[in-house]
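Q: For reference, the chains in residue letters:
Protein chains: 2
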Amino acid sequence: MLNFSYYNPTRIVFGKGTIGQVGELAKGYGKRVLLHYGGGSIKKNGVYSQVVESLKAAKLDVVELGGVVPNPRLSLVREGIALCKKEKIDFILAVGGGSVIDSAKAIGFGTVLPDNEDVWDDYYMKGDCVVRKSLPLGVVLTIPAAGSESSTGTVVTDWENNLKRAVNSETIIPKFAVMDPETNYTLPAYQTACGAADILAHLQERYFTMEKHNDLSDKMLESAMRNVIAYSLMALKHPNDYRYRAELMWTGTLAHNNQLDRGRVGDWASHDIEHEISGQYDIAHGAGLAIVFPAWMKYVYRDNIDRFVQYALRVWDISLTFDDKDAIVEAAIDRLEAFYRALGLPVRLSDAGIGNERVRKMAESAMIGRDSVGNFRKLKADDVEKILKLAL
Amino acid sequence: MLNFSYYNPTRIVFGKGTIGQVGELAKGYGKRVLLHYGGGSIKKNGVYSQVVESLKAAKLDVVELGGVVPNPRLSLVREGIALCKKEKIDFILAVGGGSVIDSAKAIGFGTVLPDNEDVWDDYYMKGDCVVRKSLPLGVVLTIPAAGSESSTGTVVTDWENNLKRAVNSETIIPKFAVMDPETNYTLPAYQTACGAADILAHLQERYFTMEKHNDLSDKMLESAMRNVIAYSLMALKHPNDYRYRAELMWTGTLAHNNQLDRGRVGDWASHDIEHEISGQYDIAHGAGLAIVFPAWMKYVYRDNIDRFVQYALRVWDISLTFDDKDAIVEAAIDRLEAFYRALGLPVRLSDAGIGNERVRKMAESAMIGRDSVGNFRKLKADDVEKILKLAL
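Line by line, the protein sequences are chains Y and W. Residue 370 in my numbering sits at position 370 of the first sequence, with consecutive numbering throughout. Residue 50 in my numbering sits at position 50 of the second sequence, with consecutive numbering throughout.
None of these hints come from the bench; they were simulated from the model. Mixed in with the good hints there might be a few duds.
[What the hints assert, rightly or not] Straight-line C-alpha distance at most 20 angstroms; calculated PhoX-like pairs for lysine-lysine:
{"#": "1", "chain 1": "W", "residue 1": "K175", "chain 2": "Y", "residue 2": "K16"}
{"#": "2", "chain 1": "W", "residue 1": "K325", "chain 2": "W", "residue 2": "K361"}
{"#": "3", "chain 1": "W", "residue 1": "K212", "chain 2": "W", "residue 2": "K325"}
{"#": "4", "chain 1": "Y", "residue 1": "K43", "chain 2": "Y", "residue 2": "K56"}
{"#": "5", "chain 1": "W", "residue 1": "K16", "chain 2": "Y", "residue 2": "K212"}
{"#": "6", "chain 1": "W", "residue 1": "K361", "chain 2": "W", "residue 2": "K212"}
{"#": "7", "chain 1": "Y", "residue 1": "K175", "chain 2": "W", "residue 2": "K175"}
{"#": "8", "chain 1": "Y", "residue 1": "K31", "chain 2": "Y", "residue 2": "K86"}
{"#": "9", "chain 1": "Y", "residue 1": "K175", "chain 2": "Y", "residue 2": "K27"}
[Said to hold, decoys possible] Among chain Y residues calculated to face chain W with C-beta under 7 angstroms, some are:
{"#": "10", "residue": "S5"}
{"#": "11", "residue": "Y6"}
{"#": "12", "residue": "Y7"}
{"#": "13", "residue": "F14"}
{"#": "14", "residue": "G15"}
{"#": "15", "residue": "G30"}
{"#": "16", "residue": "D215"}
{"#": "17", "residue": "N227"}
{"#": "18", "residue": "R243"}
{"#": "19", "residue": "L313"}
All C-beta atoms, glycine included, are put in the ideal place defined by N, C-alpha and C.
Working from the sequences, and respecting the hints, build out all of it.
A: Structure below.
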């Protein structure tokens with residue numbers, strides 16, 4: 001087990017009818033609020049009106065910026081930064097899923113950068129940067145997926161250059177997140193499925209490590225994996241059942257708040273490779289992960305087969321003799337692919353209508369701004385190309 | 001799943017050689033530090049000198065108050081409050097286990113109470129009180145057990161009146177906890193064992209609920225239970241093995257930081273009943289829990305036998321037919337008792353040299369300041385008496 005630190009001060013307010021608390025939660029952070037959201041689904045399902053009513057009851061001034069799209073764009077981030085400066089915004093409230101929250105995080109620290117620093121060039125394109133300060137941020141979460149509601153991370157896409165990159169820093173962890181599972185009833189099945197694949201991926205990225213003797217984290221991650229596998233399928237079959245939506249939503253937060261993986265370095269190659277696919281083809285992040293993860297597993301598992309055997313046994317209950325570890329791992333990957341298919345997701349690039357035309361380009365693009373991706377095995381462009389070919 | 005909120009801002013710094021960071025961590029909270037500790041074991045194992053050196057390097061003024069005993073005393077708390085006022089203390093650093101931390105929490109909020117409020121009468125004796133403010137508190141943890149290093153709770157004993165009572169409040173959550181598992185190498189085996197029983201008890205108290213459909217919390221708690229069961233026995237056999245000490249120490253924190261049980265009301269009757277035993281006989285809290293828990297289980301399990309069957313299957317791997325649920329539960333309780341015995345702990349009052357003389361007195365004392373104990377079943381004095389008799 002590696003030495004670690006852990007700090008996560010997000011206040012979670014979870015459950016039915018909690019959205020009306022947002023005004024009270026927000027009002028300690030200043031009077032002028034940027035309300036940031038996506039394409040308007042929150043106006044159809046009533047979340048928008050509940051939020052605005054609560055903010056007004058708390059006597060807060062609201063400035064709006066909608067229009068966040070999946071794989072949130074740097075262009076809107078720049079627009080948001082200019083708006084926050086012009087309107088002297090004190091606090092940002094993100095209402096939506098991970099894309100909205102990630103966009104809000106970028107606006108939040110981008111607004112208070114010194115004039116000689118650029119949000120993209122000096123942060124997203126620079127890997128291990130530290131964000132020194134940010135406007136405070138609150139969240140009303142409507143999609144369980146990215147875990148951004150209490151994470152250190154934000155992922156933004158420079159669509160002009162097809163680059164999708166992340167920043168991770170304690171400073172941008174949201175102050176609070178209001179999570180009402182009832183808001184998930186109206187999610188399209190495909191969005192529920194992509195969210196589940198993202199949650200599982202966050203757990204798998206943390207699970208596949210070369211660090212040994214870190215068993216509490218292993219057991220916690222296995223529990224959360226078993227939970228998202230079981231309840232995502234139930235939520236798809238029974239979209240208006242609170243019990244299953246609530247399991248999925250809370251699992252999504254714990255999968256990514258960093259408490260379950262202390263004492264190790266996770267992998268994250270599958271995320272980085274997926275970012276190349278969605279950076280090029282604008283597919284849903286969860287769908288891209290369902291394509292990449294099985295291929296990544298097949299490519300690297302022999303580097304630490306015992307870790308994959310443990311995964312096979314403790315997550316997928318594979319009952320095959322230890323004499324044949326390859327078969328155990330193969331069976332687990334088969335189960336994983338069957339799970340993705342049961343969710344209605346692609347598990348090959350071809351399932352998503354993607355051919356081999358840009359495989360080399362994606363492999364090379366993955367190396368821009370860094371020497372390799374992943375930690376379980378440090379992957380170079382040639383490795384990424386081979387993984388993408390396994391996924392064709 | 002019940003609606004819930006969750007907030008835990010303790011910064012955890014975990015691992016080998018981390019104690020030297022305590023000065024840096026403390027120095028943001030003011031110049032005058034009360035260093036609070038126990039009977040002097042920290043002077044023997046080198047922790048004390050590392051802490052003092054680090055505080056001095058950070059140019060902090062240190063005032064000392066040692067002498068905390070297990071089942072920490074109200075009398076020392078009152079002494080600490082007077083000392084903090086006299087010395088104009090800004091920050092309290094607790095160095096030790098749960099008793100030291102709980103004493104420090106009491107001193108921390110007791111020091112800043114209005115003159116017309118008393119730390120004992122108006123807080124510990126009043127159940128659901130809210131603590132409005134407190135001196136900030138940091139921790140150097142040397143015993144994995146109470147989880148107080150990042151919990152909302154503090155338990156103090158008024159020894160003159162044999163009353164042991166708790167306060168729970170967000171305000172008293174420590175700002176940081178430094179946890180070096182190497183400090184546990186010199187713990188006596190019995191103290192390691194009592195700590196493990198306390199950790200398991202924190203998980204079991206959270207597990208036994210009447211709330212349904214809260215399965216992520218169930219799975220997390222089961223994982224942590226399996227971990228403390230496995231690694232406490234390994235740590236006893238190999239006291240200087242970092243791997244096992246680290247598992248035990250981190251499990252102790254997660255068992256009690258409230259993240260693993262969101263969405264339910266836990267039970268806590270076994271804790272309250274144990275507080276009567278240690279309030280009367282001054283035995284170790286963990287030993288008292290090993291005596292109470294099996295008896296409590298036998299007394300209440302039929303109220304929700306399916307919950308106990310799930311516990312039997314998912315924690316103890318009991319392989320008996322579902323046709324005979326009583327047998328499944330009986331086998332699980334047998335395994336639990338065997339585990340406690342393997343730790344070297346008593347599982348009956350008689351094992352601890354305690355007879356039936358004060359059973360009625362303890363049952364009645366448990367009702368002082370409240371109508372019942374526990375939530376799985378609300379227990380009155382007669383119930384507590386019956387449970388204590390089952391434990392004779």
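Q: Now tell me if each hint is right for this structure.
A: Taking the hints in turn, this is what the structure says about them:
1. W:K175 - Y:K16: With Cα atoms ~31 angstroms apart, W:K175 and Y:K16 exceed 20 angstroms; violated.
2. W:K325 - W:K361: Violated, because 35 angstroms separates the two Cα atoms, which is more than 20 angstroms.
3. W:K212 - W:K325: holds (19 angstroms)
4. Y:K43 - Y:K56: holds (17 angstroms)
5. W:K16 - Y:K212: Holds - the C-alpha atoms of Y:K212 and W:K16 are around 16 angstroms apart, at most 20 angstroms.
6. W:K361 - W:K212: Roughly 35 angstroms separates the two Cα atoms, so the pair is violated.
7. Y:K175 - W:K175: It holds: about 16 angstroms lies between the C-alpha atoms, which stays within 20 angstroms.
8. Y:K31 - Y:K86: Holds, at roughly 15 angstroms.
9. Y:K175 - Y:K27: holds (12 angstroms)
10. S5: Status holds, d = 5 angstroms.
11. Y6: Holds - the Cβ of Y:Y6 comes within 7 angstroms of chain W, reaching about 4 angstroms at its closest.
12. Y7: Holds. Min distance 4 angstroms.
13. F14: holds (5 angstroms)
14. G15: Interface hint status for Y:G15: holds (3 angstroms vs cutoff 7 angstroms).
15. G30: violated (20 angstroms)
16. D215: holds (6 angstroms)
17. N227: Cβ of Y:N227 sits 5 angstroms from chain W, so the hint holds.
18. R243: holds (4 angstroms)
19. L313: violated (13 angstroms)
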